[in-house]
Amino acid sequence: MELGPRPDRTRTIRARNRALVLLLIGHVASAACARHGAPATELVTRLNVVPSSPVVDGEAIAEFMILDGAGKKVPPASLRLEAHMTHPGMAPLVEPASDDGQGSYRVRLRFTMAGAWVLYVKGTLADRRAIDQRLGEVTVRPAS
Amino acid sequence: MRAEPSGASHIAAHGDVLRWPVVGSFLRWRHARSSMQLVLLCIAGAVVVHGLAGPDLAPANLSTVLTWVHYRGLLVVALLAAGNLFCAGCPFVLVRDWGRRTHAPSRTWPSRLRGKWIAIVLFVAVLFAYELFDLWALPSATAYLVLAYFVAALAVDLVFKGATFCKHICPIGQFNFVASTVSPLELRIKESTTCQTCRTEDCIAGRRAPEAPLVLVQRGCELGLFLPAKVGNLDCTFCLDCVQACPHDNIALTGRTPGIELADERRRSGIGRLARRPDLAVLSVLFAFAAMLNAFAMVSPVHRVEQWLSAMLGTTSEFVVLSCMFAFGLGAAPVVLVGLAAGSTRATSGGAGSLIDVATRYAYAFVPFGFGMWLAHYSFHFLTGALTVVPVTQNATVDLLGWPALGEPLWRWAGMRPGAVFPIQLGCIVLGTIGSLAIAHLISQRDSPERAVRATAPWVVAFVLLAAVAIWVLFQPMEMRGLGFGA
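Just so you know, the protein sequences line up as chains A and B, in that order. All residue numbers for the first sequence refer to my numbering, where the first residue is 1 and numbers rise by one. All residue numbers for the second sequence refer to my numbering, where the first residue is 1 and numbers rise by one.
Isolated chain B, as found in the complex (with noise of 0.2 Å):
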């Protein structure tokens, strides 16, 4: 089974969500995206001022609580429903857009730094600062985060040209275009005829103004992304800027099966082919491993590692012993894991190729597991504390005002029990574990026919494998962290 060619069918005026009522009519509009980015920076701006000036107790800081519980989970839950919504409101690049109207950049990002290597090990940074510094119980630190990302994306963006921070650096949008590859709704063309004819290319150079044909007047995709040539959500925002561009009416945002363009071997705009791209691949097995470690450090046994650790090492340092688990967690175990399994499909299949370029084109098929556990860890914390922004907002209304002007924090508003949670993240984790399944198949029927069976078989064990660690995962006693090493 293959990925539809984009725009080669027919997409039904109920199939285009563009043309759905008061949604479409929205997505349509020309400020939508402005709009999105609007309430995002608002909420970004009570991060960081409760997070500098509010409580330190990070439960009772909307900083802590709206970065942490709900920017996450709803994170995790758009993109599960839709898409790539939060890219497409990021507040970062609202900024940066007001900061280009007084300075223009005027570099175009070098060669050699392009690709997922730069913001690979950003996004290896972030989770290991995570663990290091608390920073979930850290309002203060969580708003200099969110900080960080506005300066950082102002940086970078008014040097260099088109999405620089978005395509290259962002650890966020790392994650989320890789988890937008499991998501239901895709950018594309509607008629490839229409696109064939097409002289302008609008998509993605722009739309300019007829009696000024220097002057853009609507920028197309800063990303990269031609659409008679986008395959699928990588490196999609979902800014809509090419719907708004293309002159034709052409593109539409339509359903699909999500996951699906994993096995996708077609070659992309602005990407390339999957195959191809060892930084993708990389990303993607990370994106599994680190949803697994993440999750790890949830749970009880996390701090009989650490001292067991500590104890071998001869050390008291977090970092050392924090290195140590993410050396074993994002290196050792994929490695050795993606490894065997490679150099086993390799043997069985007598597919061509060496190790490397096998595990690169299987890397893929983890996307789905690594989305059902993040899935799993960020809705377990959603569901369960989805109403404490309610007494935590009231809580700061008091501060702010010196009188309960929303009325007495209700504290005892939470969410959802934490066992009553359980069926759902195993839910997750079984239906990722599927979706892995299914994505290592498709791949070994697209690339040894003959033997799909055998060469699946090595990834249904690691699959296999990780599902089973994942579920101990879950099953073990939760543990809010902030014991301190060593506790």
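Just chain A, same shape as in the assembly (with noise of 0.2 Å):
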């Protein structure tokens, strides 16, 4: 079925706030395309939690270490792990890092829902670069 005919005014107003959105959608769309900042992407990480398989509620323990390009420890940085589910609508473990001193990260989880858990290691290197790599999964089982 066809509406009737508008008037003139109204359809150069509809057509150019039309043209508006359509503009705001391409420079929001271009805009989310460029990535911001030189993420440390040469970088290598090692995860190791413990026990493997963790318990809802239980505790685990995430130890994590950053190589270079060369296979050498990065100096130590002020670093955070974020444990994110796969589904969305979960909060996130987020956990600050401690190192030991040589280059190795320990912290602390516990984990609040069984399923996986992408872990990813984020915050400032200590030459000041940005890093926000994942570090691997993590299965968490249903407590018993």
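Please keep in mind that the hints were generated in silico from the structure rather than gathered at the bench. Mixed in with the good hints, there may be bad ones.
Stated by the list, open to error - Going by beta-carbon spacing under 10 Å, a handful of chain B positions derived as facing chain A:
| id | residue |
| --- | --- |
| 1 | 66 |
| 2 | 298 |
| 3 | 347 |
| 4 | 388 |
| 5 | 417 |
| 6 | 418 |
| 7 | 420 |
Said to hold, decoys possible - No farther apart than 20 Å at their CA atoms in a straight line, the calculated lysine to aspartate or glutamate pairs in the EDC-like style are these:
| id | chain 1 | residue 1 | chain 2 | residue 2 |
| --- | --- | --- | --- | --- |
| 8 | A | 122 | B | 56 |
| 9 | A | 122 | B | 265 |
| 10 | A | 122 | A | 42 |
| 11 | A | 72 | A | 99 |
| 12 | A | 72 | A | 132 |
| 13 | A | 122 | A | 68 |
Claimed, not checked - Some chain B residues flagged as far from chain A (calculated, every beta-carbon gap over 10 Å):
| id | residue |
| --- | --- |
| 14 | 112 |
| 15 | 120 |
| 16 | 144 |
| 17 | 240 |
| 18 | 296 |
| 19 | 306 |
| 20 | 335 |
| 21 | 344 |
| 22 | 477 |
None of the values given here were measured: they were computed from a predicted structure. Heads up, the beta-carbon is just placed ideally off N, CA and C, and yes, glycines get one too.
With the hints as a guide, bring the two chains together.
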């Protein structure tokens, strides 16, 4: 069914509003595609979680190291460990990571839900480079 | 007890939401729907853009958070508290309307394709894809799903007239139509005498310009619901086109007893009699069993079932294993349960009609239970994760602008503790079950007044059994998925 004709002025305003909306969407899309900052992507991380398959509400220790391209541990830095579930709507665990003075970091975690958790290390390295790197995935079992 | 005939009684001004201050003024505003659609279109835009360009991690992406936590949660809450508000604000229809300004459809949807069968297949297909591809964990796939809805609505409705996509195809729409039968609000006429003297029937035909009778200035109901003969909320998108079109201001948005229309056997405009709509009956039963299956897939025992099936079938294909689970959950289980209950009712009540007839008549009683289960499931995600949209939006701002314009992401913001939501979930199941029992009894009183209790008894057993399974599912340890099949 066709709607009746509208005054030209209304049509012009509508066309202009539509163009503005499209422009805004395009701007947001292009800006979102542009990544900010220079992540330290050449770094290698190693993760060990004890126990390897933790239980809900049980304590787990996550130990990780950050190595540079030559395989050497990077100098101590201000880092945090973030553990996110793969399902949206769950609060992540965010814990500061304390280093042992030799480039290894140790974090106590208490997982709140069974399922898959993805661990990330985020923060700033000693040379002020930002780090946002995936460490690995942990499967948390339900409490028996 | 029977539903009141639409418009047979006077509706007090305070009982008409359209007459309420602020809310009523807004709803009667000509651009009320467009403004709601624009808001949802902007949100859909954010979902698509962030889904395609944002982080891959689902809990940190607006696409997955807004779609699977907020949209689903608010959808069922709106259905429970008011009505089909999300069809009213549907952004797919807004884009379709824009498209129709450049290309008017000329064809009529083929009569052999009418009904809900295509939508039922798509409804199951979307649920299957959700489980198979872990859509909740894939921002880009979620964005493509949203885009697919836009494209499908546009493609169908640029070819076929009316609200073809909404009425015959859209899986979300069918979910909303079925669920809105338990909503507390309904559009209905105020005075039947006014409609009896009406000669233009603008509520369905649309209003035309007096100076140019061929020009439509306000469309009527695109879903073919003629207000004087409209019963209940089925197929009503709450678009309010009828309210805008009616020259007599004779349409009200009023309260009613939720669910009562499921036992109403009157002929409905645009639908017919429920007892003669096997497609709607199947949709109603699937609505309930899909709620169970979807919730079951969130708890730990699903992995044991998958592994057992995998070993028994000698396959590691998740497609095959999921197909078996769906065939049981949405095929064998409902057929057996409904068949046994319908057979028992037929035998004990001595009622006329075939087994299929009895099953079709009682199938609508599954809707309140199904809605309770969907509400229990979706409200869990919404109530435990409602605030996660704050840090995710903050994080998206950092991605977009390079600096925390909205502050550093408050990742600890989430929502209620899962344990605190449990009583609410339990309440949803219990109320839904009570609703289903009540509807089953109303149907028995209608069809077998002499032996109503006997006729209802098998359905009492069926719904108590379903409720027990639902409560068992709630008691299982939650396991937010993403482990992958066979883990």
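Hints, verified against the model:
1. 66: holds (9 Å)
2. 298: Where the cut-off is 10 Å and the nearest Cβ of chain A is about 9 Å from residue 298(B), the hint holds.
3. 347: Constraint on residue 347(B) not satisfied, violated at 44 Å.
4. 388: For residue 388(B), the interface hint holds, since the closest Cβ of chain A sits about 6 Å away, which is under 10 Å.
5. 417: holds (9 Å)
6. 418: This hint holds: residue 418(B) lies near chain A, its Cβ roughly 7 Å from the closest one there, short of 10 Å.
7. 420: With a closest approach of 13 Å, the residue 420(B) hint is violated.
8. 122(A) <-> 56(B): holds (16 Å)
9. 122(A) <-> 265(B): violated (62 Å)
10. 122(A) <-> 42(A): Satisfied, since the Cα-Cα distance of roughly 15 Å is no more than 20 Å.
11. 72(A) <-> 99(A): holds (15 Å)
12. 72(A) <-> 132(A): Distance ~19 Å between residue 72(A) and residue 132(A) Cα, so the pair holds.
13. 122(A) <-> 68(A): Holds, because 16 Å separates the two Cα atoms, which is no more than 20 Å.
14. 112: Holds, because the least Cβ-Cβ distance between residue 112(B) and chain A comes to about 23 Å, which exceeds 10 Å.
15. 120: holds (27 Å)
16. 144: It holds; residue 144(B) is separated from chain A by about 15 Å at its closest Cβ, greater than 10 Å.
17. 240: holds (16 Å)
18. 296: It holds; residue 296(B) is separated from chain A by about 15 Å at its closest Cβ, greater than 10 Å.
19. 306: The claim holds: residue 306(B) sits with its nearest Cβ about 15 Å from chain A, beyond 10 Å.
20. 335: The assertion about residue 335(B) holds, with a minimum of 32 Å to chain A.
21. 344: Nearest chain A Cβ is 38 Å from residue 344(B), so the label holds.
22. 477: With a cut-off of 10 Å, residue 477(B) comes too close to chain A, as the shortest Cβ separation is near 3 Å.
The structure shown violates the earlier hints numbered 3, 7, 9 and 22.
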